[in-house]
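Protein chains: 2
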Amino acid sequence: MDVISAIHSRSSYRGKYDVAPVSREHLRLIVEAGIAAPSGCNKQSSSFIAIDEPSLLKKIHQLLDPSVIDCPPAMICVISQRLIAYRNVSFSVQDYSAAIENMLLTIVALGYQSCWIEGHITDSDAIGRKIADLLGVPDDFSLVCLLPVGRALEPVKRIEKKTFEQRAWFNGFMHKENMNCND
Amino acid sequence: MDVISAIHSRSSYRGKYDVAPVSREHLRLIVEAGIAAPSGCNKQSSSFIAIDEPSLLKKIHQLLDPSVIDCPPAMICVISQRLIAYRNVSFSVQDYSAAIENMLLTIVALGYQSCWIEGHITDSDAIGRKIADLLGVPDDFSLVCLLPVGRALEPVKRIEKKTFEQRAWFNGFMHKENMNCND
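If you read the protein sequences in the order shown, they are chains A and B.
Counting from 1, position 81 in the first sequence corresponds to residue 81 in my numbering; the numbering is continuous, with no gaps.
Counting from 1, position 139 in the second sequence corresponds to residue 139 in my numbering; the numbering is continuous, with no gaps.
I should point out that these hints are in silico values taken from the structure, not numbers from a laboratory.
Treat the hints with care, since some could be wrong.
Chain copies aren't distinguished; within one or between two, either way the pair holds.
[As the list claims (entries may be wrong)] Here are the simulated BS3-like pairs of lysine-lysine, each with C-alpha atoms no more than 27 Å apart in a straight line:
no. : residue 1 : residue 2
1   : K16       : K58
2   : K130      : K157
3   : K59       : K130
4   : K58       : K176
5   : K176      : K130
6   : K176      : K16
7   : K59       : K176
8   : K43       : K16
9   : K58       : K162
Just chain A, same shape as in the assembly (with noise of 0.2 Å):
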């Protein structure tokens, strides 16, 4: 799939999931992509565990309480360690978000569908770190995202966002310009 497309076609899937397994060979390529994503001053902060265990899948998904997904067929844990890129500044964040689209937009482009499942999981009842020491993750990283990954059974939504020119303009903050911006 041609990246504009997967750009487009990506949204919030939080419908039912087909139990049929996901690929090794899919989850490498999933995570590989988050791998090769950009992090500030390339201290590649964050790291990833994908989970194809059935038994496994079925306790993280117990431990989302409130669920708020189907249990799917695989999943992808992003745990990020706030590493420094200098003085006292942290790229942790950015490093995370842009592995983790790189990770959604391959995940469509291979036929599936998927949620960056965050807030969930950080919120004060710590579901994250719940999750991380099921994992083994040290105390050093923090669990900071989860993305299910298996093929949707059910429509997949489109959510209704603000146009390009609410949102986008040339040469200026609102500039007219951005009217006739065919030129």
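Here the structure of chain A is known, so what remains is to put chain B in place on it, guided by the hints.
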């Protein structure tokens, strides 16, 4: 260009740019890729200003002191609002990072090069604010990133990254199963 090739072709380019202009059609495709990125609770906290006016490009380039890039024939300025998703939680960094990665992949797919310039303009000397003022960006937005856009005149260098085995595992942190992951 297919997604996986674009992801693995992208790298941070800091060489000379061809002076040939970037078409409005291409700039719009790049910005539309940013707009299509996911955002936490669909807050769509990032906006974009595409610059292709030569005198404005020169002024922005002069504000980048020390200059970290050659003056490109076009540029995308990413502006961000710290919008609250819920309670006091904002996903604005995640939002603009996913948008930037979508735009970088589109830039590469269209045959251009770029570089994620963030720390240099958001640092204590507030170059981003000076550029924002030049573009009429209100104070409730931060100019968080510049993406130059242009054709490379020099070879594109690849930065060395850690291996898959150093950053990814199956079914557990540093799980040994990783060693024979091609089953």
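Going through the hints against the structure:
1. With identical chains, the CA atoms of K16 and K58 are at most 27 Å apart within one copy only, with a shortest distance of 15 Å there and 52 Å across copies.
2. Taking CA atoms no more than 27 Å apart as the test, K130 paired with K157 passes in neither setting, with 31 Å inside one copy and 41 Å between copies.
3. Within a single copy, K59 and K130 get their C-alpha atoms as close as 11 Å, which meets the 27 Å cut-off; across copies the closest is 51 Å, which misses it.
4. Taking the closest pair of Cα atoms, K58 and K176 come within 27 Å of each other only across two copies (21 Å); inside a single copy the shortest separation is 53 Å, beyond that limit.
5. Only between protomers do K176 and K130 lie at most 27 Å apart by alpha-carbon distance; the minimum there is 21 Å, versus 51 Å within a single protomer.
6. For the homomeric pair K176 and K16, neither the shortest alpha-carbon distance inside one copy (45 Å) nor that between copies (31 Å) is at most 27 Å.
7. For the identical chains of this complex, K59 and K176 are inter-copy neighbours only, at 20 Å across copies versus 54 Å inside a copy, given an alpha-carbon limit of 27 Å.
8. When the C-alpha separation of K43 and K16 is checked against a cutoff of 27 Å, the pair qualifies only between copies, where the shortest distance is 25 Å, while the shortest distance within a copy is 37 Å.
9. Taking the closest pair of Cα atoms, K58 and K162 never come within 27 Å of each other, the shortest separation being 37 Å inside a single copy and 31 Å across copies.
In summary, the numbered hints that this structure violates are 2, 6 and 9.
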